[in-house]
Amino acid sequence: MNRPPLILILGASSAIAHAYARRRAAEGAAFILVGRRQDRTSAVAADLLARGAASAETFATDLAAIDTIEPSWRTLHARFGDPDEAVIAYSILGDQATAEHDLAAARSVLDTNFTSAALWILALLADRRADAPFTLVGIGSVAGDRGRASNFIYGAAKGGLDRFLEGLRQRYDGTPVRIITIKPGFVDTPMTAKMTKGGPLWATPERVAVDIHRAVAKGKRMRYTPWFWRAIMLIIRHLPWFIFRRLKI
Amino acid sequence: MSRPVHYREVLLSEPAGNLQVVESWGRTQQARHICRRCFFVDDAAAELASNSSLPVLAYGRGRSYGDVCLNDGGRLLVTDRLNRFIHADWSSGRVVAEAGVTFDDLLRVAVPRGWFPPVTPGTKFVTLGGAVGNDVHGKNHEVAGSFGCHVRSIGLARSSGESLTLSREENADLFAATIGGLGLTGLITWVEIALQPIRSAFMDIETVAIPDLDAFFHLPQYDSDWPYTVAWIDCLAKGRDTGRGFFIRGRHAPSGQLITHNDRRIRVPFDAPSSLLNAHSVRVFNAFYRRRPWALGRKTIHYDAFFYPLDVIDEWVRLYGRRGFFQHQSVVPMASAIDTTRDLLELTADLGEGSFLTVLKLFGERSSPGILSFPMAGATLALDFPNRGDTTRRLLARMTDSVLAAGGRLYPAKDATMSAEAFRAGYPAWRTVEAHRDPAIMSDFWRRVTAEPP
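Chains as they are written, first to last, in the numbering used here: chain A, 1 to 249; chain B, 1001 to 1454.
Some hints here could point you the wrong way.
Pulled a few chain A residues facing chain B out of the computed Cβ check, cut under 8 angstroms [as the list claims (entries may be wrong)]:
(1) A15
(2) D39
(3) R40
(4) A43
(5) A46
(6) D47
(7) A50
(8) R51
(9) P190
Please keep in mind that the hints were generated in silico from the structure rather than gathered at the bench.
Every residue, glycine too, gets a C-beta built ideally from N, C-alpha and C.
When you get a sec, could you build the whole thing from the sequences and use the hints?
See the structure below:
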């Protein structure tokens, strides 16, 4: 292929997305970077160009704004054409305690992490040629594997995205469209700024980006990152209720 | 707040508003801070201008040995995530990057395109902001001068909310105060530098044995074919043998592959119970290192092995144990260089204090635009000492006296002990930097060396 792969990143200033994009920029990929803040998206574009990106276009829109998804996608599509790969990287953690009483806050977590993400994906896939290869990477979370008292609104949104991507994967099975779910654990990013960090469970965005890069290169369906979350979540998913209910996690 | 955290943990943890005990690289000092880690330049500038009553200090990768990167009771503005390139012109080698970009980052991007930092310090885990603030030097000082000589312009945020561009033409006074200005004149947000072209990632190096100090000072001095020079000294050699060691010179190979360094590193998994780097182990190491049959002559090695040998061992400071170590790095003018260097080496040898790494090098005439820049034409000597409390401090004080008597000075980035008098004697223009200091910024080093004598 002479033309460099065109990668659409929704939530381009996300630390994980940027770390992954840097790896692809080094290979000479081309980018369409979408984010809410033009200044930050432009800073990411400049960084990727310096690191070897073939091109890096930016587009500013509030990705979580449900009503503007269709027109935004139509503008994007008309301007930049069909991407070969799309990464759904934006999300917000929210505050569980607040969201339990503040419906607007809860809705913002659900809309950002699930509803808008699902609609963006449908929009991206709607008018593609059936035989054109396409890779879709969705950033889920280990928090989506089971509902926990401490974080179930965010967890439900991420879990919903996981089911949605799983369904899509079955829908597109046997076609050149590949759907990849990435499930990171604790990652040291601005999203987790309010948490106390440190210890062996925390990973850097660069570490997570290595796994995304591998998953895309190898066409994995799903990947926990770092690897040990696969073992941890295997246990947690299978804990019987009488144990799970006592766990304060 | 109980356990002191080292640079790695500072970079990872940021419990909002909590005090964290932070150590600098030498681990001899601990200071409590509110750590604020900013992911974007606008956030960092806002933190600087936030009207907090607590003084603030930028903290990159915490590679300064003493207290230039500490600010006890104040805020640390952690800049490691301000690590984006802003512009790179690979036809001219001109790069503009955010201040948290490290030499590690820069090399990975620049080397494959045939470019190399014009001047590089002895570790690649230094940020560009730190390189400007400490006006770092490298093995090519005789030809290239210090890092500051290659800085075209600097972006500086001030607590007033201003965002300034500094260069030799624009805000020239502040430019001169910021190079070597220890991060005191504002928050360095970006740096523009001119890289040097290379045709290979490998270095041709040549090593010759030097029997004593006279031999070093009588070596044919600077040779334009070999821009990089340094000498390793066996610090335990006494009497006639004082100054015995190796003289190593290097140059970028004229052809070869442009391959970058890799991530392979050995971790030191825990603190040594007491310093493993003591007089006995240094004696054994030096005896072996000096007699290696493959030491002498010419060979070709990768830039990573030539410039950054210690980077292979992650957190090598842990080998010094919990109490850490001090470094003495001074420069003295050429006229008194040989006598003072002998004096410093004899003081070290007499005390039987092994210095694991003893490095001697000549600085050239090229002066930096920086007011507080450390290098001056002459000889610079660097020695490491495990922290044995007052014994070590007394030795350092005697060495400092010897340096000052010779008209020399100490390197703030490495220093943890010099007195206010010693600093002022070495850096008579310090008040100019004080006048340009951002009122919101302060460091433990600056408090120490600007305190009025009682």
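Taking the hints in turn, this is what the structure says about them:
1. A15: holds, 7 angstroms
2. D39: Status holds, d = 7 angstroms.
3. R40: holds, 6 angstroms
4. A43: holds, 6 angstroms
5. A46: Given a least distance of 5 angstroms, the restraint on A46/A holds.
6. D47: Hint holds; D47/A Cβ to chain B Cβ min 4 angstroms, cut 8 angstroms.
7. A50: Nearest chain B Cβ about 3 angstroms off; hint holds.
8. R51: holds, 6 angstroms
9. P190: OK, holds: P190/A within 8 angstroms of chain B, min 5 angstroms.
This entry satisfies every hint, going by the numbered hints stated previously.
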